[in-house]
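**Student:** Construct all of the structure, not just a fragment, from the sequences and the given hints.
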Amino acid sequence: METPLRTRALLAVLLLLAVLFPLAAPNSYYIYVMSLAYIMGLSAVGLNLILGYTGQLNLAHAGFMAVGAYTVGILTVDHGVPFWIAFALSGVVAGALGFLAGIVSLRLKTHYFVIFTLCVGFILYLVIEKFEWLTHGTVGVIGIPAPPSIGPISFETPVAQYYLVLVFLCAALWVMHRIVRSLLGRAFVAIRNSEDLAEALGVNLMRTKVLAFVLSTVYAGLAGGLYAGFVRFLGPSIALESHTFELVTFILVGGIGTLFGPVLGALVLTWVTQSLQFLQDFRMIVFGPMLILLVMYFPQGLIGFVNERRARRAAEAARARRERTAQDNRQRNGEARVNA
Amino acid sequence: MNIFFQQLLNGLTLGSVYSLVALGLTLVYGILHIPNFAHGALYMVGAYISFYVVGSLGGNYWVAMAASAAAVAVLAVLSERLVFHRLRNAPPLHDMIAAIGLLLFLEAVIQAIWGADFRRLSSPYPQIVRAFDLTAPAQRLMIIAAAFGLMIGLHLFLKRTILGSTIIAMAQNREGAALVGIDATRVSMLTFAISGALAAVAATLFAPINLIYPSMGHLVIMKAFVIIILGGMGSIPGAIVGAMVIGFAESFGAFYISTDYKDIIAFALLVLILSVRPQGLFTRGVR
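Going down the list, the sequences are from chains A and B. Under the working numbering, the residue at position 153 of the first sequence is numbered 153, and the numbers go up by one with no gaps. Under the working numbering, the residue at position 16 of the second sequence is numbered 16, and the numbers go up by one with no gaps.
Don't take every hint at face value.
Chain B side only, calculated, beta carbon under 7 Å to chain A, not exhaustive [stated by the list, open to error]: (1) V83; (2) I97; (3) I229; (4) S275; (5) P278.
Worth flagging that the hints you see were computed from the coordinates, not collected in a lab. In this text, a Cβ means the ideal position worked out from N, Cα and C, and glycines have one as well.
**Tutor:** Quick look at the structure:
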């Protein structure tokens with residue numbers, strides 16, 4: 001499918017806005033918040049692959065993100081491994097663990113799978129908290145180095161780190177676009193719509209689901225690695241299931257099963273949270289009911305809503321066009337009869 | 001001998017609390033067909049209401065338990081009416097996400113009222129019971145007695161009364177139950193009320209030997225999930241047996257392996273069992 005020109009123009013505008021954002025930001029705090037929102041968006045894009053496209057709610061996603069983050073933290077701080085090598089490994093380690101968890105958990109269906117992944121996430125959290133010799137336990141990993149410069153480009157300033165995160169986010173979105181538009185992506189969606197039907201069409205259920213799961217955990221791991229290099233401090237609480245719930249909220253607000261939905265949701269909710277600073281820990285009093293109202297009345301999220309409206313308008317236009325041609329034909333037939 | 005007996009008692013106490021929570025969860029599963037993530041929040045709210053009645057109103061422990069059971073039952077019915085009933089035709093994913101929203105909301109409300117600090121509910125029976133040179137705290141014995149009393153009561157209610165059988169009928173076959181004239185709405189509300197009350201009672205029983213804090217429901221609810229998977233979702237005897245298995249595994253694991261890893265044991269057990277038997281321990285045939 002060719003991307004429509006209008007969508008392309010919109011993407012270019014969005015990218016331009018993202019690039020120009022540091023110039024418009026009043027201080028570096030805004031840039032920091034925006035970069036963090038991109039990292040969360042990146043992680044949510046990964047979760048969306050298994051949740052939105054393949055239809056499996058994986059509640060261990062924050063756990064895998066923590067695995068990636070701790071991979072970078074432990075390797076750089078305790079073993080002096082260069083950041084970029086550790087960063088590459090964060091995706092590998094999370095993906096490998098995701099593979100192991102996937103081949104066991106994906107034999108289970110629907111809520112069995114959900115509860116199993118909830119437990120996997122909690123085991124990851126407990127392991128991070130209790131394995132003090134490896135993870136420093138509740139003290140956390142402190143003093144993670146910032147991403148070192150690549151050639152002449154250094155990532156010392158917040159603005160440079162912002163662009164680094166933005167580049168990763170764009171790359172991740174492009175890769176995701178390629179995945180979901182490929183035959184494999186079609187297989188994911190087929191599984192979401194009906195596992196039996198997908199199997200009847202010759203989709204290898206287990207292999208395809210494990211692949212979706214591993215890809216999504218690789219995204220989680222890389223997002224975690226980026227998070228470690230950006231925040232430079234890690235505690236066990238990042239693995240908690242409440243962070244997965246937050247990512248699910250991002251996806252739902254932005255649009256489940258859409259490419260940009262998770263990022264949009266992360267951005268919108270991050271800034272809403274920022275403007276609700278005075279609520280601090282009580283923001284869930286707003287977000288909890290919002291989540292419920294969303295699934296009740298607005299289950300497609302922002303992007304889904306726009307897409308739906310556009311589709312409806314296109315359908316209306318098509319109907320109008322059909323009627324006009326029909327009318328024209330009738331008229332022409334009438335004229336032909338008069339002439340005869 | 002005494003140490004072994006202590007572990008046995010601990011396991012039985014934990015198993016009793018878990019089984020009350022898991023029973024409520026498994027009953028609601030029969031109606032909703034989704035895991036109700038908000039159940040742990042109901043458990044937590046139950047503990048706070050008891051704490052409020054005893055601490056601020058100066059009420060009796062048993063009065064507090066009754067008040068909290070009633071309040072949480074109402075809360076559970078409200079959640080059914082306002083959230084789950086409206087989503088009954090939505091895909092299961094939406095129910096689960098709505099349940100998560102409910103959980104986040106209840107936790108935030110409790111935290112807004114009482115803060116994130118740890119609270120303590122003092123035990124009404126702080127004595128130690130001695131018999132045949134074995135010792136046992138009275139609170140633990142009371143938990144076990146109360147839990148088993150409730151389980152027997154629930155069993156009699158479900159098997160011997162018409163109202164109870166309507167719950168079982170609806171769990172077995174929704175359309176069939178509707179065909180023989182069972183009012184689905186009433187049964188749903190009743191089931192939620194029972195499950196909420198059980199959670200509140202479990203929390204009030206367990207609170208004196210534990211702490212009260214906003215996220216206290218997380219671990220308990222996750223273990224209850226493990227239990228109903230092990231016992232087969234929707235199965236009542238399965239929930240009780242599963243709860244005892246987890247309770248004993250935890251108390252003996254904490255003693256013979258390490259207290260640090262006692263919480264991992266339940267989840268490791270689940271991972272292990274589901275790896276070998278994806279359908280759970282006690283389920284037969286196809287899911």
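**Student:** Evaluate each hint against the coordinates.
**Tutor:** For each hint, the structure was consulted:
no., hint, in the structure
1, V83, "holds, 6 Å"
2, I97, "holds, 5 Å"
3, I229, "holds, 6 Å"
4, S275, "holds, 5 Å"
5, P278, "holds, 5 Å"
Hint compliance for this structure: no hint is broken.
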